[in-house]
Amino acid sequence: MFGLRRAASGLWSARLSIPRNRWKDVGQAFQTKSGIRQDFVKSLQTKDKQEAIQRRDAALAALRSVVNEKLREIGKPPLGGEWEASGMGITEKAVVDALSARKQIDQASDAYEPVQDAYGNVNENIPATEQEHVKHVLTEFAAEFSEKLPPAEGRRYLQTFMGVLEGQETPLDPLAERWLADARRLVSTGLLNRHKRVLTIFWKYLDSVGVARVVQKVDKRLARRFREWLIAKGKEANTVNSYLSSLRSFWTWLDDAGEVSDSNPWSGMSGGLKKLAKKDAKARGEKRPFTDDELLLLLKGQPSSRQRAQMIKDVFRLGLLTGARQNELCSLTRGRVVVPDDPAELWGVEVTEDVSKTENSVRTIPLHPLAREIVERRLKDCTSQQADDLDAPLFPECPPGGEDNKRGWTFSKDFLRYRKAVLGDEGNGTDFHSTRRCFSTFMEVARANGVNACTDLVIDHLIGHKAERLAANTYAAKQLDWSLYSEAILGMVEKGMSEKVRAAMLDER
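Under our numbering, the residues of the sequence shown are numbered 6 to 514, in order.
Just so you know, not all the hints are guaranteed correct.
Unchecked claim - Calculated lysine-lysine pairs in the DSS-like style (CA-CA distance at most 25 Å, straight line): (1) 81 / 54; (2) 140 / 47; (3) 98 / 108; (4) 238 / 283; (5) 38 / 98; (6) 75 / 52; (7) 140 / 225; (8) 225 / 305; (9) 222 / 238; (10) 38 / 81; (11) 318 / 418; (12) 279 / 108; (13) 29 / 47; (14) 52 / 29; (15) 425 / 305; (16) 385 / 318; (17) 29 / 318; (18) 75 / 47; (19) 284 / 505; (20) 240 / 209; (21) 238 / 209; (22) 140 / 54; (23) 140 / 153; (24) 75 / 29; (25) 505 / 318.
Hints are computed from structural coordinates only; laboratory data are not their basis.
From just these sequences and the hints, can you work out the full model?
Listed below in C-alpha cells is the structure:
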C-alpha cells in the first residue's frame, strides 16, 4: 500500500520512498556507507490498518521535512514541496514531478481496501483502487504546491503536471534519451555531441520562455522563435542551421517512432540561412585557395614546434599533391600505401571507409614522385619501429583526439598556428582545406594547358566528391583506369602548378 509498510509483528509504519534520481543526494546527506538511501521508515505505533492510514500523511510529511533539512545542509535541492527558482524551471519541475507520479501510480499495489464506515459501507468519493488512491494523493500534493507559487506560475505548473499525468502531453526528455541511444550506433561521436549540445540549448530556451518540455508545445511558431532567439544571441548562420538540423532529425525520429502525428515543425526552418551564411563568410573573408605567394611563404617557412615541424611540412605538401583531407592524410598507415608490382607505375595511398567523410571519399590516389618521397621516408621510419604492423601510422606525431577521436585533430591545431604565424591577417579565408582548393585549381589549369586526363570526372574521383553531372553520376564508371588518374596527377604538377611553386616543392627534396 502506498506509503505504508506492515512488519511481521503487525505494526504499521509510514514509508517515504526516495526517487531513484535522488538516492545519491540523500545518501550523501545522511552519510550512508553505501552512498545511497532509498527510503525512510517511521513507526505509526498501531496494528490497526485504518488508524495507520489516518496517521500516514502526517508521518510522511515529518519524514520529508527531516530529509529536506539534511539536503539543504549540503546545498542540494529538496525532494519536493519547496521548489527554489535557482534550481530547475517551473515547467521542467512539473514534468519531472508528473513523470515521478506516473511511475508511483504504475507501481501501486493491487491489494487495496477502501476505508469503510461503521456499517461496512464505502464512501463513493473514496478511490476504489490503490492506483486511484495514489493518483488522488499525488494530485493533491501538486495542487498544494502550486498554491505556494505566484498565481501565473502556479497555474502553469498544475496545468503541465496534469497534462503529463493524464497522458495528454508527452515529455521530451525521455524521448531525447531514446533518440540519442539510437543515434549513438549510427552517427559519429562529434555529431552525437552536437545533438546533445543542441538539446541542452533548446531545453534552456524552453525554460526561459516558460514552455514545458513536451512534444505538444513545439510547433512552427515556437521553432521560428527559437531560430530568432539563436540569431539574437549572436550565433552565426551556419551554426543556427546545424542546430535546426539536429532538431529536425530528432522530430523525424519521433515521427518514425510513432510519437508524433503532426508535420515536422523544423522542416523548412532553415530558409534564408544560406544567404546569411554567405554574408557572414564575406565579413570573415570567403574561403579560397592559397595564392602562389602564400604557398611560397608556407612552403619555405619553418614551423616553430621542433617536435612536429616535419609533420606540418609533410602533411601540407601531401595535401597540395593529393587533394586529400587533413584527417585522411594524418590517418595514413603502412597498410594503406599501395606499392605496384610494376616499378614504372605510380605509388598510391588508400583512403578507407573508416576515415572517409562520405561514401565517395573512399578512393585510391596516385602519388606524384614528390609525394612518394615523403611517403617512402615516412614508411621507412614506421617500418623500422613497428616491423610488419600494417596499422603502423605514417604520422605518429598525430595521436587521435577531439570529439571524434581523429588523428587530424592535433595537426589542425598545429597548422592553424603555423598558418597564422606565417600569413597573419592576410591569410583570412584560408585553412588546410585550401590545399584541396589549390589541388582543384591546379587540375583546371593543367586541363587548360592541354592535359586531357584532367576531366571533371577524374577530378571528382581524385578529390572524393560526388560527380555533379547526372550522366557522369548515373552511367560513368565509379572507378577509372589507374593510368588515367596517374596521368592527371603528373600533368597537374607539370602543367598546373606555377614554376615558382613547383621549384619550392623541389627545393625541399
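Tested hints:
no. : hint      : verdict
1   : 81 / 54   : violated (35 Å)
2   : 140 / 47  : holds (23 Å)
3   : 98 / 108  : holds (15 Å)
4   : 238 / 283 : holds (19 Å)
5   : 38 / 98   : violated (30 Å)
6   : 75 / 52   : violated (30 Å)
7   : 140 / 225 : violated (34 Å)
8   : 225 / 305 : violated (55 Å)
9   : 222 / 238 : holds (22 Å)
10  : 38 / 81   : holds (19 Å)
11  : 318 / 418 : holds (14 Å)
12  : 279 / 108 : violated (46 Å)
13  : 29 / 47   : holds (21 Å)
14  : 52 / 29   : violated (33 Å)
15  : 425 / 305 : holds (15 Å)
16  : 385 / 318 : holds (18 Å)
17  : 29 / 318  : violated (52 Å)
18  : 75 / 47   : holds (17 Å)
19  : 284 / 505 : violated (34 Å)
20  : 240 / 209 : holds (15 Å)
21  : 238 / 209 : holds (13 Å)
22  : 140 / 54  : holds (20 Å)
23  : 140 / 153 : holds (20 Å)
24  : 75 / 29   : holds (13 Å)
25  : 505 / 318 : holds (17 Å)
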